Structure formats: C-alpha cells, structure tokens
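Q: Now that you have both chains on their own, put them together as the hints suggest.
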Amino acid sequence: MINFNLNGTDVSVEAPEGATLLSVLTNQLDANGQKFGCGKAQCGACAVHVDGERVISCQTTAASAAGRSVTTLEGLRENGKPSKLQQAFIDEQAAQCGYCLSGMIMTAQALLDINPKPTESDVRAALNGNLCRCGTHNRIVRAVLRAAEEA
Amino acid sequence: MNSPFTIDRRAFLATAGFLTLSFALPRGALAEGASKLPGDLEKNPMLNSWIRINSDGTVTLLIGKVELGQGAVTMAAQCCADELMIDMARLNVISGDTRVGPDEGTTAGSQSAPYCAPAVQQASADVRQMLTQMAADKLGANAADLVVEDGTISAPDGSHVTYWELVQGDELNVAATGEGPLLDPMKYRYMGKPVMRLDIPAKMTGEQIFIQETNPEGVKFGAVARPPTYKATLVKADVEGVGKMPGVLKVIQNGSFLGVIADHQDQAWAAAKALETGSEWQVESALPTSDGIFDWLKAAPSELTEWVNTPREGGDPAAKVIENEYMRPYHMHGSIGTSAAIAVMDADGVMTINTASQSVFSTAAAIQQMLGLADGKVQCVHTHGSGCYGHNNADDASADAALLAAAMPGTPIKLQYTREQEHAWEPYGSAMVMQTKAGVDADGNILDWNMEIYSTPHGTRPSGNAGNLLSARYLEPPFEMPTPKDGGPPNYAATRNGIPIYTFPGTRVATHFITEMPLRVSSTRGLGAYANTFAIESFMDELARNAGVDPVEYRLRYLEDTRARDVLTKCAETFGWDAWEARPGFGRGIAFARYKNLAAYTAVAVEVQVTARNGRVRVVRAAAANDSGQMINPDGIANQIEGGLIQSLSWTLKEEVKFDDTKVLSRDWASYPIITFNEVPPIEVSLIDRPGEPFLGTGESAQGPTSAAVGNAVFDAVGARVTRLPMTPDRVKAAMPA
Ligand code: FES
Ligand code: FES
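If you read the sequences in order, they're chains U and C.
45 is the number that this note's numbering gives to position 45 of the first sequence; each next residue is one higher, with no gaps.
355 is the number that this note's numbering gives to position 355 of the second sequence; each next residue is one higher, with no gaps.
No lab work stands behind these hints: they were computed from the structure.
Wrong hints could be hidden among the right ones.
Stated by the list, open to error - Derived coverage of chain U by chain C (criterion: at least 3 residues anywhere in the stretch with Cβ under 8 Å from a Cβ of chain C; other residues may be distant):
(1) 16-25
(2) 64-77
(3) 81-89
(4) 95-105
(5) 109-118
(6) 129-138
All figures in this text were calculated on a predicted structure; none of them were measured in a lab.
Positions of the beta carbon are idealized from the N, C-alpha and C atoms, including for glycine.
Looking at chain C on its own, in the form it has when it is part of the complex (with noise of 0.2 Å):
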C-alpha cells in the first residue's frame, strides 16, 4: 500500500516531438476561420463570464460545472493559473450559480474534463494576451519582449504592471478569440501535477462547507411525507392533528403531495412520519418483482433501433455458435448523506436554493415551471453535498424545499429525506437484459457478434420540465412525467459501450428501448456503461476459453486502437498476469474498456478466491490501467480509478434493488448493503500520460471493466459463470459445475 499509483512517461517520450504540432494545431484552424471555440467556451464565448480580476490581485474564475467529489473544480484551477501565469493561491472559484458564470449544462458524464478544462484553458490564454498586448501600449514595449510572472507583467527595461492595475472596469466584456497561445506545457506549474484538491482541507477539519450543515439566519426545518409507493393517491390525512404536532409550524398539502415545516429537524422528521404512517392511500400492486424483472423486460413493449448491422462478407458459416444471457438488477446510487437542500422566498418573489444538483440551469428551470413563476425567479446555488453518482435525489430535495419555502415566504426552509426515502425514492440504475451470441470459426476465432440490450431508459433529469420533478407529479393538477428518450451516438444511453471496440467480421448490435418504468430510473455513473460491459467482456472471456488462448492474447487480436492495445497490456502486466500461478480456489481475470468508445481507456485485473463449500467471493488483489489523453491531475485520476473500481466491486458482488409487486423493500442499507472496509482489496493503479493529446473524462470507466473482471476470474477460481448480478454466493454455488 506503499504508492498509490504511477505514471508511465514512456509514452512522453514517443510523442513529445508531436507537442508542438498538436498544440498549434486549434490555433491554425481558428486563423482560418474554423469558429469553434474549444469546449464550452463556444457556447459562453464572453471572458468576463468566466473570469474576473479584482482590484485586491485576486482572480475569481467563473465555471459551471460542479464538485461532486471527482476534482473538476481544482482541474479548472489548474488550467486557470498555469494559462493565466498566476499563483493558485490568486484563485477563488465559483461553481455551478445560476445567477453568475457560464452555463455549462449537467456536471455528467466524464465531461468536465474535456468541454470545461479546455474552456477554461484557452478563456485564461485570451485574457492573458489581451492584458499582454495592454501592458505592452502601457509601458511602450513590444508585447513579444514581455514577461509575466503571477500577474505582474515586466519589459526588458525593468518597468512593469500588473493585471489588477490594467483591469479598471470591463475590459474583459469581450468574446473570446480563441487566439491566445496557449503556454508551452514544460512551464506547467500545475497542470500534469497532482495538485491537492482545493475543497479537501475543509472537509477534514470541520470547516462549513456542505449543505447538511448550512443554518441560514431563522433557518426551519421541512420535511416531506412519501406515499407507500409510486402509484398511490391520497384519500384522507391528518392534517389537522399533525399541525398540533409539537414544533410543527405548517403542514403543507398540495393534491397528494404532503410535507411539514417544524421548528427543529426531528420534530420535522416526525411530523411527516405520522402523516406517513396516518394517512389513508389508494395504491396500486402492478409491480413485476426484483425476480420478475428480467422476463418483464424481455416481454415488454418496446422500441427496437439496430445501431450497428454490418453482416460479414461470404466466407464460409461459422462452425459453432456460442450464446449468452446477462442480467444487471436496479442499482441505487445510495449516496451516504441523504439528499439535502435549502430554499427561500424573498421579498421580491425570488425563490434561491441551494442545492446539490448536477444540473443547476435545467433544475432551476424545471422548479420555476412547478412553481409557476417567471423566468429569473428560481436561481440554484451549488453547494457541496455527499456523493451523487448521478442523477439521485438532489434535484427533488430542491424542488420539495423550493414547494415548502414558498408556502412560508421569508423564511428559509433547510429540507433532508430520511434514509428510507432515499433509499426507496431515488431514480435507479435501470435493470437491463444482455443477450450475447457469436458465430466462431473451427480455432475458436470470432466471425459474427451480435449483441441485444434490453433496457428502461437512463434519463429523466429535471431538464426544464417540472414533470420530471417526483413532488410535482403529486400536486394538483399533477405534472406529467414527459417520455424519455434513449441517447443515440455518439455517447448512447442504453446502447452506451454496446458497441463493441473490438473489430469482427460482422457486427450487429440492437437495443429495445422501453419507455414503461416498473422502478424510477435515471442517470447512475455509465448509465448502461456498467451492464453493457459486463456483457461484453465476460463473453470475450467465454469465447477466449473456447479457442483455448489466453484473455489478453485473445482480445489484442481484435484490437486495432494501439492506445487500447497498450491499457490492456499495461494492465496484465501490472498485475503480474504472465507470472501468475494457479492454485485452487483462486481465479484471475482481466478486462477492458473504453468509456464510451470516445473517453478514457481502462483497464482491470483482479485476483480473487471463491469458497467452494458456500460460493463466497473475497477479492484479493486487483490492478487497473488508465490513458486519460494528457493528465490534469494524476492523483485526481488515481483517485477516481479506484473509487469507480471499489464502487464496482459493491455493485457486482453486492447490489441489487428488492422490490415486491406493491414497494421497493430495499430501505436502508441493511436491506441494501455495499461493500466495507474489510472486502475492499489492495488496489495498484498505472496511469499513462499522453502529453498533446485531448484531456479524457475518467469518472466513469473503471466500472465496467472491474464487474466483469471479477466474473471471469470467479469462472476461472471454480469454473462459475455467474450471469445475474450480483454475484452472491448462493448464485456462484449454483452455477459451480457439480
């Protein structure tokens, strides 16, 4: 456990005489009028949206993606002081507020490193060759003969400014040109560094920072009473009796929407428990079971789109035809603080919270449409909340504190769900079906591969439309839930990694998309990522143990992407793959993946052992290799691989949302547990670093690789193939050869 990770700088050496030319390359496209600006800089062009210098010689930097844990607003920093040629210290950042700074959408999706970084980048370039050019009329110099250190610009003559002197008012309320050059990466004070994280010292000791801790002024407290399940409408409450309730101060209800607003959190809590447990509901048992889900997907109405159909050419018909089926249940995105946000109503009918969302444009938007206010009258200030992982309950925390503050104007009302309503409410990973089948040839070589996902859809945001807004759909008159969409290329929902990176013959993949929601889905880290990968690798072993070659051998000969050729390669040979002795009762198995075919590459070994006697699986080891295009943050990257790697192993050995035909019965995390300190194994993690190349999203790519992983090397322990997840030990007994 001695180093957390290390970087191969081979691959600086093999393309550092490609730096220059990959770094003048943008540049020379935009002189010739090419208008894209870089990232997210194109939609928000304004400098001044994303920086500002003040007078006191600090530097605010302006972006609108969001902390959720995985670094993106210590990356940005990185990218603004070295770009900027300032301290870091210079830096403060505001991230994620509606009212100021640049829209950059949902913090999702491994984007924050390629469309803000890049943004960010080259916004600090333009501002520093416009204040260059400045000083350079300033102190009569020629621009190219000036120097700039932290901000203070020199001439060869000793005379010098600084860029708080030369910015008076809004000399940065320009568009950004895209041609400020951008500095050679050996002056780098920060980027490619493992810069320490800006938010971590806070958190370690107890400064106030997240929103569970935040106490406005007058501050009360609210609370929401939940249904016993989704399809429920409410007959009778006692409305009346809850408000003698000790502390209560309003009891709010709005159609079948029921929520409190107590003096004190627990009198709160307590309050819509009894409203809870006291009403009378009409409800509906039409659910299909955690059991039943996998045939109920199967034989559900559905849209079918074939995303890939390219048959082999003649030849001659494959001489077997080996198939599969994989499961992937509901997972939770069980953050560990339950969602949290405080609301308040102002004098001038401006509704502000703070929240945790991911989206804060598209979740104001959506609260306002509830409420039915004007536009402008709902604004979101992000603020640090637990984990998401996704689209969890943050946004309904918002839109229920935003509900109950505007039946109390004035007063700011701080709202925080119960562990069993963030267990039961939240929108789930959504349980897919993957049927896998490949025609071979007589050496076990692959000639045909055809892949079908079953899947409910990956998206239900709030994206402006209060029907996506769970409170909302209970009012009177309710909001309607609009229909959601699967996402098509290049990044995919359901079909997300469907598509196999691998090159065959012939390659078909279809998706049926299906609209009906037994449980709420939404967004959950990879959307269909984690299951589509599962699927994949896991039948690469299949046919690999087929043709009797070796894992590793046996997908290299299908990988053409030479950086794909060398993650997996690090990957086996961090793990000691080659040396690796069989013993009984353990397994070894490996891996691959590239986050949506277009982000990071990774790689996972993992060793485990299985126990024959009841099918327990313990991990041992496990190795994982990364390409990130050029690093920010090495540290930040080894940080991220490892926690999507143990997130991981929590959902494939662990997870799996329980549900009757009534309820969703997994409310706590007894009823829904993960992994712990003791089943967590060492981790070795192998970053590659490609100076020049584009910066690549990380967050999300360890999770796929890693399920699989463990499935092939449980198959390679005691010659189970566990194909519904999780792998418990009661289904690797059962699918243990007798």
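If we strip away everything but chain U, and leave its shape as in the complex, we get (with noise of 0.2 Å):
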C-alpha cells in the first residue's frame, strides 16, 4: 500500500513493483490532468507537483511519493473554480489540442511559485523542456505573462 496526499485528500493505492507515479495518478486514481507523452523525460506532458516541486512523473516511481503530497493539474483549482493561471490560459485561449497543457500549467505554476514576477525569457526558459505540437507556444507565454501581471 502506499499513502500520500493527492490535492489534499489522503489516498492508499496499491501499485505494481515499480509503477510510475503517471500510471498510478492516470489509471488508478482517476487524476486527470498529468498525461503519458513520452515516458522518457522528454516532453514534460506529465509534470505534476510532488511536495511543491516540478516532478516528471513519468520518470518518478509512484512508491517515492509516500508520505508526501501530490498536485496535479485539478490540484489548482481554487474551491472548484480555475486559478488565477488556469484563467489565464482560458482568456488567452492558449491551446489548441490541448493535450500538451497540463505539463505547461503545472511547469509555469512552479516557476511563478518561486518567481512572481518573470520576464518573457524566464518564462520560455522555464517551459523549454515542455514540447507543444500545435504551436500554441505564444499564447501560453501570454498566459503566464497575464497571470503574474493580475496577481
């Protein structure tokens, strides 16, 4: 069995030897937002936020999320309604498919957590290692941009 906190409620799951935190979060606890892309720490659709931190989840057992608390992209929702940046991202309209922008939430959240106030290449520095295949790059800037703007 193994205990953590996902978006603050406490859940026991029990995984397989070695599953990762993604395929647990996806397929056993019904998270939704974190997605498989590459499984080789490539692309950066499934980061998600363990103890605050930007974490792989697909390179990340989910045995080593014991004892700590997850968030993933529904984790940000404030009493059910979108975050400051989710609205961001809403305004903007930044997606097309949109399967690339869990990772791209989860990754500026943990940038504007350490780093309010980021100019335009702190925010492409911080999501380069997050890929996006319909070319959506420019409105997720945007979105950051706006979000650290309104807060």
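A: In structure tokens, the structure reads:
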C-alpha cells in the first residue's frame, strides 16, 4: 500500500512494483491532468508537483511519493474554480488540442511560485523542456505573463 | 506580444453593399429547383440528424466533424446558436459518433469551415423557419410578425411559445428545404466574434476529457509488440514465458501480430517490450536510407501525369533558363500524446471504440472488415486525443484495441502506444522532390514555367478497407494493403498547390506518382502543399533576384486575384517590408499561397539571423496575413495561423525522419527533435474579413508559405539557397558562398 496526499485528500493505493507515479495517478486514482507523452523525460506532458516541486511523473515511481503531497492540474483549482493561472490560459485561449497544457500549467505554476514576476525570457526558459506540437507556444507565454501581471 | 492579431475591416466597408445579394443568391437558386443544399447538408438532409430540441430547454447539435484542437465544434455551435437564435449555453454538441448524427466523412483538408459550418447554418435556419410557422399556427398570428428571442417566439399581442413546447415528437424528422432565411449578419451574436472554445476550460482545469485519462469500470490495459521493421515475419515468440510476467492476463498471437492484456499499463508495456525483444523475426533490409531517398524517388517506377500543359504561344525564345531542385524529407505527425483507444465487445457482439480518429465512419468499417463482423457491429465514438495533424496512429490504435478486446469479450481494453511505437510506425508525410525550370526574358520576366513533382502517396486512410490498418497486415491470413491513388482536381494530393496561382505565358506541371512506399505514408497536414509551396515560392524568390526586382512587387506582376494581392500586400505591411533595413547576418523573406488554390489565402514574412560561423538560423520575428472569407471565429483563425506557422518552422528548420537500410532510426524526441519555446519567434497576424464570402478553411494554409519565407530570408541574410529541407546548420553552412 502506498499512502500519500493527492490534491488535499489522503489516498492509499496498491500499485505493482516499480509502477510510475504517472500511471498510478492516471489509471488508478483517476487524476486527469498529467499525460503520458514520451515516458522518457523528453516532453514534460506528465509534470506534476510533489511537495510543491515540479516532478516528471513518468520518471518517478509511485512508491517515492509515499508520505508526500502530490498536486495535479485539478488540484490547482481554487474552490472548484479555475486558479488565476488556469483562468489566464482560458482568457488567452492558449490551447489547440490541449494535450500538452497540463504539463505547461504545472511547470509555469512552479516558476511563478519562486518567481512571481518573470520576464518573457524567464517564462520561455522555464517551459523549454515542455513540447507543444500544435504551435500554441506564444499564447502559452502570454497566459503565464498575464497571470503574473494580474497576481 | 500585446495583441495576438488584428482584423482588417476595410474589406467590410468595401463589400458591404453586396451583403444582401450574396446571401440571397443560394436561396434564389434553390427556389428555382437547383437542388443543392449547402455543404454536408446535401448528403445528410434530415433535420433531426443535425438538431434535436429537448424538452428541458436545451438543444443538441449533432455533427460528423470532430474537434482536433482546430475549433471545429465551437465554430459549428456558433453557427447553430445564431441561426436558431438561442443562447449558446443551451447547446450541447455531439460530434463524430457513428451511432448518431450525420456522416460527414473525414475531418481533414481544412473542410470543416466550408462543409460543416454552412450545413449547420442552413439546418438551423430551416428549423427556425419551421418552428416559427408552427408558432404562428398555434398563436393565431402571422409568421412574419413573430419575433424570436433565445428560443421563445412571441406575437405582437404578447402571447408566446417556446421551441421546447412546440417540439413534442419527431417534428424535425423532415428533410431540409434550404429555404429557411439566413439571419442578417448584423444580428449575429456569435458568428464573426472571437467566441471562447467550448472544450478549453475542461482541458485547463483537469476535467476528464481525453481518451488517455478515461477509465471505464473494469478496464484492463492492452499493448502491442511491433516487429523490428516493416517487412518482418514472426518466427518464434515466447508466448508462454511472457504470459507468466506480473499482471499479464493474456498474450494474443495471430500470425505475426502480438499483443498482451494486463492489469496495469506499465505491466502491459513491459510484457509487450519482452515480446518485441525476445521474439525471433525474419527481417528484410531493403530501405533506400534517408540520405538516399531523393535519388530513389527520381528513379522509382512511377505514373506520370501532366496536370497542366499550356505552352506559350509564339514569341521569342527565352533569354535565359533557370533551374533548381528542392527536397522535402519524410515528416512525422509527431503527436505529443501517443495514440490511444478504448474498445469493448459487449454481450450482443457489438464492438464500441472510443477513438481519436479523424474518420470515425470509415475507420469503423475497416475494423469491422478486419474482425469479420457484420454491418453495424463496430461503432466508433470520437473522444478527444492529442492533436493529430492528419492521419496519424489514432486509427491503428483503435484497430489494435479492438483486436485485443475481441479476445476478451466484456472487458474494456485501453491501449496506448509507447513513444517508440508512435514515432517508428506512424504513416509519415511523404518525402518529395520538386524540379523547377523557368525561361525568362532579358528583363527577367517569366515566360515559361515548368515544375515536375516526385512523390509517394499522401492518402492511405482506413477508408473502410482493413488492408489500410497496420496490424491487419500481420494477421493470418494477412489483409493486403490496397494500392493508394493520387488525388486530382480540385483538391489534389501530391500535386496540392503544385499548380502555381500565378499567371505565366506558358505553364507545365507534371507529377511522377510512385505507389511503392519505402516508409509508411499518409495524409500529413497539407499533403503536397507544404513541399510544393516551398519549391514554387523559393523559386519565385530566385527569379525575382535574377530580375533585380523586389520579391513582393515581382509576385504582384503575375498575381491577378485581387484577394491574393491584398493578402500579400497586407503581409508586407504588417511585417514592415518597405521600412526594413539590411544589416549583416540578418535577412528578410516573404512567401504566399492560397491553400489548394481554393481555400484560405495566407502570406508569411520572416526576419532571420544567420550565424555565418556555423550556419545556425534564428527566426527573429514573423508576420502573417490571412483571408479566410467571412470569418466565423477570428480568434480561432489567428490561433490556426500562429500554430501552423510555428509547426512549419519546426518542419523547415529541424525535422527529418531518419532511417537506414532496415528500419526507422527516429524513435523519440531526441532523435527527431522539434521546435522549443526558445526557438519560437514573436508572430503578428493580420486577418482580412470578407463578410458575405464563403467560409474558407484555414488550418493548413500557413505551413507552405512559412517554409519558403524562411528559405528566402536565409538567402537574403547570407546568400545560401538551401534546397534540401530541413535547413540544419550544416546544410546552411554548406550552401553559403565561400
Ligand atoms: S511523459 Fe514524462 S516527460 Fe514526456
Ligand atoms: S496544444 Fe496541442 S500539443 Fe500543445
């Protein structure tokens, strides 16, 4: 049994030896944000927060989350409403297919947590390990800057 | 980065006088018995196949086109809400479900705007007309005196009735007449406005929406083992050993097809991996390699079609002949999420598949044939997936999930490919060679234009034929892949955008279509348009330089279509073409195309900086201008232009599927890199609105012009004409004058 806190709720889950945090979150705990993109630490689609820090969940075992706090995209919501950052993404219509966005938002939130007023190049540098195939990059950057401005 | 795009309303003023006329025309034509209903309404005329009025005051809109991230569903909802005169909040949309709703074929080719939107618009207008007449009868009033507001129809005396009171049964089970009057555009609440995409909030806040996070009750996890390469036969597999691995419930072998079902996803992947590496295969080494592919294309047996051959009549021989040859490698669709599907075979023997396919109807038919099931026994339900950009692995994932689900009836099987499988097995965009040749007069004016295209196919979609499904070819007995065909006018496939939009005294365009496929290929955003536009627009730049004429001005000499001229001019203006000042290492380039010569018009201009020492290209900024006819959703159009431009920068500067004589070597994002945030330039988009003109598809219009704009800018910067894509630093360096 692995016990940890998921988006504010304590969870217990039985997972096979070596199961990734990504797979356990997605397929056993019905968390929806994090996505499987590559399983190789190359795309960032699976980014979540563990104890407030950005973690690539395809490269992390579920067991290593034991006793810690895991936050996924839905965990950023505030009282059921989109968070400031999520709202900025909606306002900027910063999506095409949207598959990369959970990873983008989780990565951007980790940036804003330590650098609340980033420059455009801070944002690009922070997101450089996150791939988007639809070409939504500039809208994503605008959304992060907008959230920072409105904070 | 303040404003994402600007809209040019000058066109509105210029054409406003024609508005009424252009809206009235189709109805006039219909009244005279010309039977054409707009768009896909012609094929699906029953009103209740598009619209259901529900007793709870909601309206269900059913469409056959699907959301791929291009905004098609929101666009349809805008048209429906406006023409039905209801609040958009009342609408729920069902898209791409073979069990209900209209068959609109494949969601591709930028055809949602021209085919789905007008159909929804007219169906909604017909429904409104019909309900208004019903209300008139009920209220004892004149239909012409009634007003509709958010589904409530009121008479001058204040009496009123709602749509949901009027529709009690199957009143909408009638054919469209096409006679419902379309709303005056001045009354639109949604069309022409940057309405927020309906699917975006859920995607931003982590509501369950994608296949990849869907887990039906009792779901088990499937995975397939692929052979080492295309031509491979399974000699021996350790079915028994793998069957004993942790969590494995079943190993399925059928001919050379191998799959597993396990309790957990990681376990399924581990077992499939063990099957892949632990099995013995007989493999053929006969691929031409990624460096040898262009010579191979020019030598391969092919069918030659002369699409255009209108020689110049009389006149002097050309003073000079200029030639070049351009090469486009294989490109990946490269979806960020690997393809996934969920299939379940129920007690009645019906296989239901959640799929991200672009072609739910014909993919269902192909899977039905593969499984040997009766008509109607395979149903596909479109569910959000990662962007596909054409025919990627989504259909194969659906077929594979179904193959596994058929082996375990009653259990939903969720299958997602690994990254290696997605990269190595998808049907790529074909490699192509374009040879251009022009005869010019003493002033450099074009007299004779000639282009020859070499290409393998661009369309191997399932199309109701199991032989187009990857795994079906490895079953026992195997399904034969049908020989693909090239597409002719008006859309074309290999020759898409190969016929210049410019008017020259003499023009010849011919295509060598090769049906043999060293690498698996199919529709990739734009088909041949990206490569052909790269060739034509690079060559136009060379010819302009030869003539010593500014490339914008040179193009305008041959461009008769005023909308094309407007877009090119607008792009130059947005970029600041005339005010641009040359400085060492920097260059500017521009290019233009009308997608398919019948869809949206897009011009792109870029500024680049090239490092002479190593040939590295940095795109400093980009500007685009677009005319998509009457705009349904300006923000959606801007989003598609930005996205297409960025994707094309990635193709143009970085992407090439690498392969040796046996197998594909590009198997992850390290061996097939794509553009990253630090490489994406600021982009300014100008949109030209054309109220009253037909809606034109936008999604594939920016890619072609972007490639040539970059190439032309690189030449402008350092005198290097890079003819083989991508423009990697070593190729730029090699092309630089010594
Ligand atoms: S899925 Fe984890 S980095 Fe790509
Ligand atoms: S929005 Fe589709 S991958 Fe980023």
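Q: Does each hint hold? Answer for all of them.
A: Consistency of the hints with the structure:
1. 16-25: holds (count 6)
2. 64-77: Three-residue rule met by the stretch 64-77 of chain U, so holds; n is 6.
3. 81-89: holds (count 3)
4. 95-105: holds (count 9)
5. 109-118: With 0 residues close enough to chain C, the hint is violated.
6. 129-138: Coverage by chain C holds here, the residue count being 10 at a Cβ distance below 8 Å.
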